[in-house]
Amino acid sequence: MQDISLEQAISMLLEHTEAIGETETVPLLEAAGRILAEEVRAPFPQPPFDRSPLDGYTFAAAATDGATEEKPATLCIIGEECAGDFFHGTVACGEAVRLMTGAAIPTGCDCVIRQEDVRVEGDTLYVPYALAPYENYCFKGEDMEEGALVAEAGAKITSGLIGLLASLGKAEVRVYQKPHIFLASTGDELKMPGEALAPGKIYNSNLYLLAARLREWGFQPRVYGILPDDAALAADALKEAAASCDLLLTTGGVSVGKKDIMHEVRQRMGAERLFWRVAMKPGAPAIAYRTGRTLGVALSGNPFAAFATFEMMVRHVLAKASRDPSVLYRTGRGRLANGFAKVSPGRRIIRAHYDEDGTVRLFEKNASGVLAGLSDTNAFVDIPAGSPPLEPGEEVTVIRL
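Here the sequence shown is numbered in the numbering used here, starting from 137 and rising by one per residue.
Take the hints with a grain of salt, since some may be wrong.
Pairwise CB distance ranges (calculated) [what the hints assert, rightly or not]: (1) Glu158 to Ala332: 38 to 46 Å; (2) Glu500 to Ser462: 25 to 33 Å; (3) Gly299 to Glu400: 50 to 58 Å; (4) Glu308 to Ala266: 44 to 52 Å; (5) Arg177 to Gln251: 33 to 41 Å; (6) Gly299 to Gln403: 51 to 59 Å; (7) Glu278 to Gly215: 19 to 27 Å; (8) Thr161 to Phe275: 30 to 38 Å; (9) Tyr262 to Thr161: 54 to 62 Å; (10) Leu464 to Glu158: 16 to 24 Å; (11) Ala334 to Arg409: 32 to 40 Å.
No wet-lab data here; the hints were simulated from the structure.
Positions of the beta carbon are idealized from the N, C-alpha and C atoms, including for glycine.
Start from the sequences, fold in the hints, and give me the full structure.
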């Protein structure tokens, strides 16, 4: 069987991935990072009234015509208004109201002067220069008119959008549900952190690595733990999970060894195999399958191999299912600070650290079973098939994670 290309694998996965259509209503304070499932329009003008942009005095500008420092206009102060108050009367020409930032401008007034620019003696206001109509004046609806489009369905809810929605009085919003993800590892050699480590056993880093990565993107996977190296038992667990999950994600059991059970597991589930083996290193023996509406992806058991195929393939699935393109990685170019001594007969993905100046630093250790350097990895270098060793200063394709 010929390995398919990474691009073919991604295309097949996306062909069998459905964008989540179910929605739920959540409190606005809990909506950050979610995807809006409704169009939002302003229910009223914002601001809902003409208001003052500063602390000062408001009046009719005509009352200050010809005012100078030597001969200031004199107005009678008839009231005071703080933000949240409302002056119900009409202010006649020659009268003034003291008001604070954000306060509604009373009827009869069309400008505001800073309180630092005036002199007050008792109830008399002295204005030392003429003001124009609507000087220092915030108009009703200048932020947005009633009915204005605030956000379209499909928008990612940011802190800025939450502030905007709160200003319009929305206490909750309708959002798309997140994909339900089942996460497990296979392997009788695995122990969970905190358990005693017997000879021949290793700790399950894959489960923690991928669960943490999913949570960094705002997903809450159902972390099952370790599936036994028993195809029947593993198939039963995955079939049960498939009834309520959109994505089954496992690591291990995908190659051709005695305990690589995922081939038999898929058959016992009655699942359709989409592909097995992708032309990339590490992580080539990944399996993708479909059971009903649920997509399954079984990754290599080697930690970096699992991480590489997860990042390069599964991120596309998550972005489409969640309707959130920000989950996707960014591809660009960078220049190597150090070299890579190996020939790459096939496509190779290696871990790297990318600096904002475009410098790419490769890690000394790149074996698929090695975790060293992963905590400082923020990029991959994508090396095309048939490439010679890479030299320092060479320009390369960078996958920014």
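A quick look at each hint next to the structure:
no.: 1; hint: Glu158 to Ala332: 38 to 46 Å; in the structure: holds (43 Å)
no.: 2; hint: Glu500 to Ser462: 25 to 33 Å; in the structure: holds (32 Å)
no.: 3; hint: Gly299 to Glu400: 50 to 58 Å; in the structure: holds (53 Å)
no.: 4; hint: Glu308 to Ala266: 44 to 52 Å; in the structure: holds (49 Å)
no.: 5; hint: Arg177 to Gln251: 33 to 41 Å; in the structure: holds (37 Å)
no.: 6; hint: Gly299 to Gln403: 51 to 59 Å; in the structure: holds (53 Å)
no.: 7; hint: Glu278 to Gly215: 19 to 27 Å; in the structure: holds (25 Å)
no.: 8; hint: Thr161 to Phe275: 30 to 38 Å; in the structure: holds (34 Å)
no.: 9; hint: Tyr262 to Thr161: 54 to 62 Å; in the structure: holds (56 Å)
no.: 10; hint: Leu464 to Glu158: 16 to 24 Å; in the structure: holds (22 Å)
no.: 11; hint: Ala334 to Arg409: 32 to 40 Å; in the structure: holds (35 Å)
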